[in-house]
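> Listed below, chain by chain, are the residues.
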Amino acid sequence: MSNTEQNKPERKNITTFLKHLGEENYAEANKYLKKTIENKLFNKIKGVKDINIFTNEQ
Amino acid sequence: MSNNSITDQLKQVADNVLTEETLASIEQSFNEAVDGKSEELAQLRVEKALVEQDEEHAIKLEKLLEAIDSDHTKKLHKVIQSIDKNHAQKLISIVEKCKNEVDQDAGVFKESLVDNISNYLDLYVEKAMPIQDVQEAVKNKHAVRILENLRSALSIDHALTSEQVRSAVIDGKRQIDEAQDQTAKLQEENSILKERVKKKNATLALEELTTGLPASKKRHMEKVLAGKSSEFIKENFQYTLDMFEKTEVDKLGVLKEQATEGRKLIDRPVGEQEEVVQESVEEQIAQTNPGGLQDQHLFNNYMGELTKW
Chain A
0 MSNTEQNKPE RKNITTFLKH LGEENYAEAN KYLKKTIENK LFNKIKGVKD
50 INIFTNEQ
Chain B
0 MSNNSITDQL KQVADNVLTE ETLASIEQSF NEAVDGKSEE LAQLRVEKAL
50 VEQDEEHAIK LEKLLEAIDS DHTKKLHKVI QSIDKNHAQK LISIVEKCKN
100 EVDQDAGVFK ESLVDNISNY LDLYVEKAMP IQDVQEAVKN KHAVRILENL
150 RSALSIDHAL TSEQVRSAVI DGKRQIDEAQ DQTAKLQEEN SILKERVKKK
200 NATLALEELT TGLPASKKRH MEKVLAGKSS EFIKENFQYT LDMFEKTEVD
250 KLGVLKEQAT EGRKLIDRPV GEQEEVVQES VEEQIAQTNP GGLQDQHLFN
300 NYMGELTKW
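For the record, the sequence lines run as chains A and B. Mapping to numbering that gives the first Met the number 0: the first sequence position 15 is 14, numbers consecutive. Mapping to numbering that gives the first Met the number 0: the second sequence position 209 is 208, numbers consecutive.
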């Protein structure tokens, strides 16, 4: 799966955030910004989640 | 102009009254007056004709102008319509092009803006929460979860953490393993013993049923029912025996017929003996040991018939 497809919901959230920002609907914009950051954090944690603690690899 | 001039007429009317000079002056003045009047009249007629012609021409010109105007108006309308149409099409295509360009540019701008915001948020998150911290937290959480799972899988709680309890648990595990091995061995032995008992029962049942039978019948029954279970032997013994007896009766009948026919045809010396050809396993068995387990009567019968040949 490509990076663009992987970040599709994230891009959608950013687009919606920009839309609400343009409409001066800051509450909704804040909501979608939060979602975007949560998504980014989730991806970051997911990237380092598959580990084996019984090996010495760092 | 009439031939009778004013001078001649005056001469006729008043020949002796007027002199030649008077008549000439009268004629001159008369002619001048007539010429002036005629000129005036002619002038009037010309003016009238000119006015009429002007009016007529003016009307015609007006009509012509109206026709030309209407024609030009129509032509101009057509020209305007075609120009409008052409310009409208051009404007539509220009609008579409501009719209496409704007949309494309807006799309590119939107994509780049989204990318920039995404990159900025990535950097912000990276700065606020470094990857090493996340890795460490994940490892800790992962390790805690694995330990919990191990504890639940191995049933280790605080009571089992001491050395004595652990050794007792290990000893119990060893005992359970030994007991399982012993059970498997016993089950194997049990199955072997069951098999042996079954075979013994079958042999015993066959022995019981064949007790008192002639040797040939007994041997045949043992041969047919060998390796069968005791239930099978009990069920099928009588049937097998009947079949054997029927076969024997048939064979005896055939032999008797052959013997009676042979006695009539051939008379051979009794002492002459030929080697017996053994054709089947059953006959071989029946003829090899007539003294022991086999039927003596049947053997003597066979041999008696054969010695005649």
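It should be emphasised that the hints constitute simulated quantities derived from the structure, not laboratory data. There may be inaccurate statements among the hints.
Said to hold, decoys possible - No more than 16 angstroms apart at the CA atoms, straight line, and that leaves these computed lysine to aspartate or glutamate pairs for EDC-like:
| id | chain 1 | residue 1 | chain 2 | residue 2 |
| --- | --- | --- | --- | --- |
| 1 | B | K217 | B | E194 |
| 2 | A | K39 | A | E9 |
| 3 | B | K198 | B | E230 |
| 4 | B | K193 | B | E230 |
| 5 | A | K48 | B | D132 |
| 6 | A | K7 | B | E125 |
| 7 | B | K198 | B | E162 |
| 8 | A | K45 | B | D114 |
| 9 | A | K45 | B | E135 |
| 10 | A | K11 | B | E110 |
| 11 | A | K18 | B | D132 |
| 12 | B | K199 | B | E221 |
| 13 | B | K199 | B | E230 |
| 14 | A | K45 | B | D241 |
| 15 | B | K217 | B | E207 |
| 16 | B | K109 | A | E9 |
| 17 | A | K45 | B | E20 |
| 18 | A | K39 | B | D121 |
| 19 | A | K48 | B | E207 |
| 20 | B | K193 | B | E207 |
| 21 | B | K233 | B | D249 |
| 22 | A | K43 | B | E135 |
| 23 | A | K39 | B | E125 |
| 24 | A | K45 | A | E22 |
| 25 | A | K11 | B | E244 |
| 26 | A | K39 | B | E244 |
| 27 | A | K43 | B | D121 |
| 28 | B | K227 | B | E194 |
| 29 | A | K43 | B | E125 |
| 30 | A | K43 | B | E244 |
| 31 | A | K45 | A | E23 |
| 32 | A | K7 | B | D132 |
| 33 | B | K197 | B | E244 |
| 34 | A | K34 | B | D121 |
| 35 | A | K34 | A | E9 |
| 36 | A | K33 | B | D121 |
Here the structure is a predicted model, which is why all the values come from computation and not from measurement.
> Given the hinted pair K34 of chain A and E9 of chain A, is their alpha-carbon gap at most 16 angstroms?
Holds, because 8 angstroms separates the two Cα atoms, which is no more than 16 angstroms.
> Given the hinted pair K39 of chain A and E244 of chain B, is their alpha-carbon gap at most 16 angstroms?
violated (96 angstroms)
> Is it true that the CA of K45 of chain A sits at most 16 angstroms from the CA of D241 of chain B?
It is violated: about 85 angstroms lies between the C-alpha atoms, which goes past 16 angstroms.
> Regarding the pair K48 of chain A and E207 of chain B, is the alpha-carbon distance no greater than 16 angstroms?
Violated: K48 of chain A and E207 of chain B sit about 78 angstroms apart, past 16 angstroms.
> Is K45 of chain A close enough to E22 of chain A, meaning Cα to Cα at most 16 angstroms?
Cα-Cα ~34 angstroms, so violated.
> Decide if the proposed pair is consistent with the structure: K33 of chain A and D121 of chain B, CA atoms, cutoff 16 angstroms inclusive.
The hint holds at about 13 angstroms.
> Check the hint pairing K48 of chain A with D132 of chain B against an upper bound of 16 angstroms on the C-alpha distance.
holds (13 angstroms)
> Is it true that the CA of K45 of chain A sits at most 16 angstroms from the CA of E23 of chain A?
violated (34 angstroms)
> Is it true that the CA of K43 of chain A sits at most 16 angstroms from the CA of E244 of chain B?
The hint is violated at about 93 angstroms.
> Given the hint that K7 of chain A pairs with D132 of chain B, does the C-alpha gap stay at or below 16 angstroms?
Outside the cut-off at roughly 26 angstroms; violated.
> Next pair to validate is K193 of chain B with E207 of chain B; report whether the Cα-Cα distance is within 16 angstroms.
violated (21 angstroms)
> For a C-alpha distance cap of 16 angstroms, please report whether K45 of chain A and D114 of chain B respect it.
Not satisfied, since the Cα-Cα distance of roughly 21 angstroms exceeds 16 angstroms.
Hint violations for this structure: numbers 1, 6, 7, 8, 11, 14, 17, 19, 20, 21, 24, 25, 26, 30, 31, 32, 33, all remaining hints satisfied.
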